[in-house]
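**Student:** In case you want the letters, here they are:
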Amino acid sequence: MRGNMHAEDNISIEKLFRANYASLYFYAFQMINESETSRDIVSDAFEYVWKNYNKLDAATAKSYLYVYIRTKCIDHIRHLQVHEQYAQFCLSMTQEGIEENFCEPEERILRLRKAIRSLTPRTRHILEECYVRKKKYQEVADELEISISAVRKHIMKALQTMREEFAKKE
Amino acid sequence: MDKNRKIEESIEHAIDLLEQPTALTEEDVRSMVEDEECFRACRDLMEGCRVLMADIPSYNPDVDREWIRFQKKHQTAWRRRRLVWGAALGVAAMLIVLVWFSWSLLSHNKVSEPVTVFLADNHPQRVTLQTGDGKLLALDNADKTVLSAVGAQLQDKELDYKTNASEVKEVKMHTLTTPRGTDFKIVLSDGTEVWLNAESRLEYPATFVGNERIVSLRGEAYFKVAKDEKHPFIVQTDDMKTRVLGTEFNVRNYLVTDSHVTLIQGRVEVCNKKGGDYVRMSPGEDAHLQPDGAFALSEVDIDGYIYWKEGYFYFDNITLLDIMQSLGRWYNVTIKFENQSAMNYRMHFLTDRKAGLEHAIVLLNRMKKVNITLEDGTLIVR
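Taken in order, these protein sequences are the chains called A and B.
Going by our numbering, the first sequence opens with residue 104, and the numbers climb by one from there.
Going by our numbering, the second sequence opens with residue 549, and the numbers climb by one from there.
Treat the hints loosely; a few may be bogus.
In the BS3-like style, the derived pairs of lysine-lysine whose C-alpha atoms are separated by at most 25 Å in a straight line are [said to hold, decoys possible]: (1) LYS733/B to LYS551/B; (2) LYS260/A to LYS733/B; (3) LYS154/A to LYS620/B.
Computed from the model, here is a short list of chain B residues facing chain A with C-beta under 7 Å [stated by the list, open to error]: (4) MET594; (5) GLY596; (6) ASP786.
Honestly, the hints are just simulated from the structure, not real lab data.
No residue lacks a Cβ here, since even glycine has one placed at the ideal position from N, Cα and C.
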């Protein structure tokens, strides 16, 4: 019976890997903004979980993955000596997830996705430019030939749409 | 009006901060953490952008390639792997994770700031039912005809599937979710009664078919299972299964470290979901799932596990940390410990849930071991 064990593990770690890799990668990438390092950290996290997999079920493994990645990203940021303040910012942004149960927010993600998809292409583009490509608002405004306050209005609109989606109950 | 203005300002501030989070000052970070609206706005926007990224192919990692890379890196290790070795690492890993948790708590509280052990939830708190077709109904204003169409009858704080059981032909999975501060009773199609505690979720078929009656739980519930020896009743949680024939027992699984089955009467068997064998329990016993998948069986005072369904908090020799988290879950308040050693005080405590949070605080303070105050919706333990 023990002989089979790691073949089964192999399958279940693959399942875990495929189901969660992308979201974990985005989680890391948002903090350290660098693809290569983010992928390394996520891969290390899976290695860590894989070594201990016979002790963990999928839900626990998932929360370990997040804890691991969060810690490593913060370490990395501190190492670069970018800014202790930025590390603090990342810590507090990711704090709530750490304390809550990690499976519950799935509903939240579904709603977020619905909200984001309902935005106009322009609003989505502005979000991407500002927060994924990390451009300054002025830059984005110049590129689109609109005012800074118009850029901010798009962001405000995105937030409002998310909030409306959270508030919906049916 | 004034409040809306304030919220708008907080959101504007959040947008300011997010322009260049790598250049924040200490003051910026403090202003964000202290202003809840601003904090939420930042967090929602960040989370929204992660979801946005997932929708844009160019940002998406090539998961296939990453998996192959991961596998190659560990190919030799796969073969060398030993179970014993894995077990030793497992224990070490648990320790490391514990250290991490305390590290992140401590590093967050350098200036002897209080430790937050429980966070209030700002979302509206309602009991909801998700029906087979994915529809989400809030039960406080649900249309009874919609409910009876899916086989359920709603009366006050109870949902009954037994009465209409014979009329429903199609098997649909339903999910009932309770918020903080509300419990709820369900009568399943076989007559099994389930009391679902606050902040819990039960998934069950509107009608049972097949050889087994299977439900899934997250949170806490008390089951009074209708006797039917031909169709075992199985309660699944993320990490364990409880199999019964007809009996009363309590299952709790709020946290991964806190998976319990407590048997009141009758006979049940529990097993972990990693392929362990079923362990038989006797009445009055509590089975606590350990990280290695074994169950620690102990004789318990069953009152603590059943009082909640009668509307009481009952704690016997329980740490103040656990007590406060239970209060936080029911009354939906954030809990902070300024006096961190107080987390480990053990107390005996009984109060009526309906008597309110203030009453519970008065009772706890009366023991003269700690001073608990309610400030702006946060309970602070000094």
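**Student:** So which of the earlier hints does this model not fit?
**Tutor:** 1, 2
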